[in-house]
Amino acid sequence: MAATTMAQALNRALRDAMTADERVLVFGEDVGQLGGVFRITDGLTRDFGEQRCFDTPLAESGIVGFALGMAMGGYKPVVEMQFDAFAYPAFEQITSHVAKMRNRTRGHLSVPMVIRVPYAGGIGGVEHHCDSSEAYYVHTPGLKVVSPATVNDAYTLLREAIDDPDPVIFMEPKKLYWSKEDIELRHVDEPLGHAAIRRHGKDATLIAYGPSVPVALQAAAAAAEEGIELEVIDLRSLVPFDDDTVMRSVRRTGRCVVVQEASGFAGFGAEIVARIQERCFHSLAAPVIRVSGFDIPYPPPMLEHSHLPSVDRVLDAVDRLQFTDEPDHRYLTGAHS
Amino acid sequence: MSDHIATDLLPSATPVRYLAEDGTTVDGPAGYTLPSVEELRDAHRRMVVGRRFDAQSTALTKQGRLAVYPSSRGQEACQIAAAMVLREDDWLFPTYRDSMAMVSRGMDPVEVLTLLRGDAHCGYDPNAARVAPQCTPLSTQTLHATGLAYALRRNGTDSAVLALIGDGATSEGDFHEALNFAAVFEAPVVFLVQNNKYAISVPLDKQSAAPSLAYKGVGYGVRSEQVDGNDPVAMLAVLHKAFEHARAGAPFLIEAHTYRIEAHTNADDATRYRDSAEVDRWLDADPLARLEKHLRGIGALTDEDVAEAQAEGERLAADLRSRMNADPHLDPMALFDHVYARPTTQLVEQRDLLATELKAQEG
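Chains as they are written, first to last, in UniProt numbering: chain A, 1 to 337; chain B, 1 to 363.
By construction, these hints were calculated from the structure, which means they are not laboratory data. Note that the Cβ used here is the ideal one computed from N, Cα and C, for glycine as well. Keep in mind that a hint or two might mislead.
Said to hold, decoys possible - Here are the in silico distance ranges between beta carbons for each label pair: (1) B/P137 x A/D21: 27 to 35 Å; (2) B/P328 x A/E190: 53 to 61 Å; (3) B/R342 x A/T19: 23 to 31 Å; (4) A/G49 x B/S208: 38 to 46 Å; (5) A/D21 x B/A289: 31 to 39 Å; (6) B/V306 x A/E50: 50 to 58 Å.
What the hints assert, rightly or not - Which bits of chain B does chain A cover? Going by a derived footprint, with three or more residues having C-beta under 8 Å, they are: (7) 131-140; (8) 148-158; (9) 178-186; (10) 335-341.
To be verified - Example chain B residues on the side facing chain A (calculated, C-beta under 8 Å, incomplete): (11) G118; (12) H121; (13) D125; (14) P126; (15) A145; (16) D174; (17) T345; (18) Q346; (19) V348.
Let the sequences and hints guide you as you build the complete structure.
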């Protein structure tokens with residue numbers, strides 16, 4: 001079986017959803033003939049026709065507001081924002097209307113739709129092409145926010161997002177578009193909101209999502225060589241947030257590092273840390289530490305490697321958890337310092 | 001070729017008008033079907049009732065029964081024509097100032113006023129009424145109207161959509177994106193701009209340098225017209241034509257020249273930015289008086305007809321008063337309803353917290 005990329009998995013998810021439900025429509029800028037700048041919608045117009053997958057005028061607020069109207073008319077739009085920072089003109093539509101329509105109308109109107117946002121960095125993109133904008137969306141009640149980190153999750157989370165009765169902001173980590181897995185894509189029929197434990201460990205918990213999951217896994221592999229067993233949780237869904245999986249893990253390990261690519265100040269990681277200290281305080285052997293991008297506008301591509309959380313930066317944070325009950329631990333020997 | 005297209009799309013040089021301010025007929029442009037006398041009698045009755053509803057709502061604000069009420073007094077011709085041209089299966093996208101149009105469409109006035117009373121954001125079922133929630137942000141709903149209009153056409157119906165906005169809203173980006181999308185997707189939608197001359201305190205000449213707000217349609221390929229918004233005959237004629245176009249897949253933009261007689265809302269002091277002489281001039285152009293004079297002039301309206309319409313208005317006002325005098329029953333626990341189809345675990349926890357607080361308050 002040929003390896004599948006995350007981009008191909010997303011394409012398959014759209015195809016399968018469009019086949020399963022003719023109300024599912026894909027539209028946005030360049031998603032038609034071109035197949036999207038990242039080719040996520042490749043061939044959809046050819047195979048499903050221009051009625052099902054079509055280009056729109058270049059106007060993000062227009063795309064989202066128009067999609068809301070179509071959702072009122074019985075369709076299930078899946079729209080593309082092309083790049084994270086290009087979605088900001090649609091922010092009012094997303095926060096004031098898409099997020100609130102169910103609540104405003106006391107359940108009479110719902111607007112099930114998916115807003116796909118290719119996000120985050122690591123691809124050498126120039127200015128305005130690499131924002132980690134998830135915190136803006138998770139702060140808005142009424143929106144669900146998910147981000148896949150694996151090829152199979154890209155498929156199954158997008159299927160779940162399209163099936164979901166509420167609007168979903170689907171954050172696609174651009175740098176993982178070309179990651180590959182040799183697997184058969186399968187549709188898991190479960191609601192959004194479940195985190196996945198990607199690696200089991202007993203010494204500390206690493207919490208990550210989207211583009212930071214591979215970083216956390218590499219850090220865990222490196223730590224394992226030094227005898228530290230890190231548990232890695234891939235949140236998959238930021239909203240709804242899986243308190244249960246996170247808290248159970250942290251209570252068991254007593255130590256935790258939260259990894260996110262976005263700037264740290266008032267970011268989503270801060271919410272995770274606050275929830276953990278409220279619920280697991282007596283289980284904690286060390287303060288919960290955040291590893292994040294710096295609090296700077298996204299840097300030029302030739303400098304982004306200094307900004308993005310690296311495996312070393314994660315391991316340094318793990319060191320700061322002070323495994324004092326393990327006398328031979330490398331923290332005491334100065335490794336990674 | 002391009003000259004031809006521009007000519008097709010351009011509004012007339014002056015606002016379409018068929019009734020002078022004294023109620024006598026004037027020669028308006030050809031190409032419009034004028035409303036029948038029966039329609040005009042209906043419009044008159046609706047305008048009388050609508051004005052009474054508006055006055056009662058303003059009074060309810062002064063009594064503290066409404067959090068706020070943006071009056072549409074003076075804009076009755078626009079409001080009533082908007083309600084009259086809509087079929088039952090058409091959709092209306094109103095703003096906060098369009099309560100009169102909603103009531104005239106047949107909606108329960110108390111449900112219409114729920115937003116402004118402050119107990120719920122939308123007091124009615126939009127699907128049942130075919131009326132979207134009243135929109136407070138400016139022009140955002142024009143995109144929803146366009147998307148829904150396109151969906152209706154794709155669903156194989158000939159239903160159409162009317163989006164109401166004011167003059168200030170034509171400066172918003174969403175208005176322009178909506179015109180563009182509507183034209184590109186051939187959505188059956190009519191945009192009616194009620195140019196009442198002020199966006200809160202900012203006068204039109206600080207809002208737009210366009211010769212007419214209707215000119216804003218031309219650049220997008222949207223047919224446009226400007227109309228005397230205080231002339232009920234012209235309003236009905238132009239709206240009917242606009243809906244014919246819309247149902248054929250050609251969106252339409254109308255600028256109705258009218259005037260907001262009252263302040264923006266009860267919280268606004270209009271004397272700070274306009275003088276009473278200006279208001280007086282517009283009182284002379286009153287749409288209701290104009291239609292009444294016209295209908296009496298052609299022998300189509302009697303004192304009894306007027307009294308009957310006024311009595312209907314009084315009944316509505318009395319009913320509204322008594323129902324609004326009762327405090328609405330509010331359940332704080334409903335705050336957590338309808339945030340999501342299924343509440344998150346975090347919302348369930350917060351709901352439990354509020355329930356505990358409420359119980360403690362009771363005890």
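- Which of the listed hints are broken here? 2, 5, 11, 19
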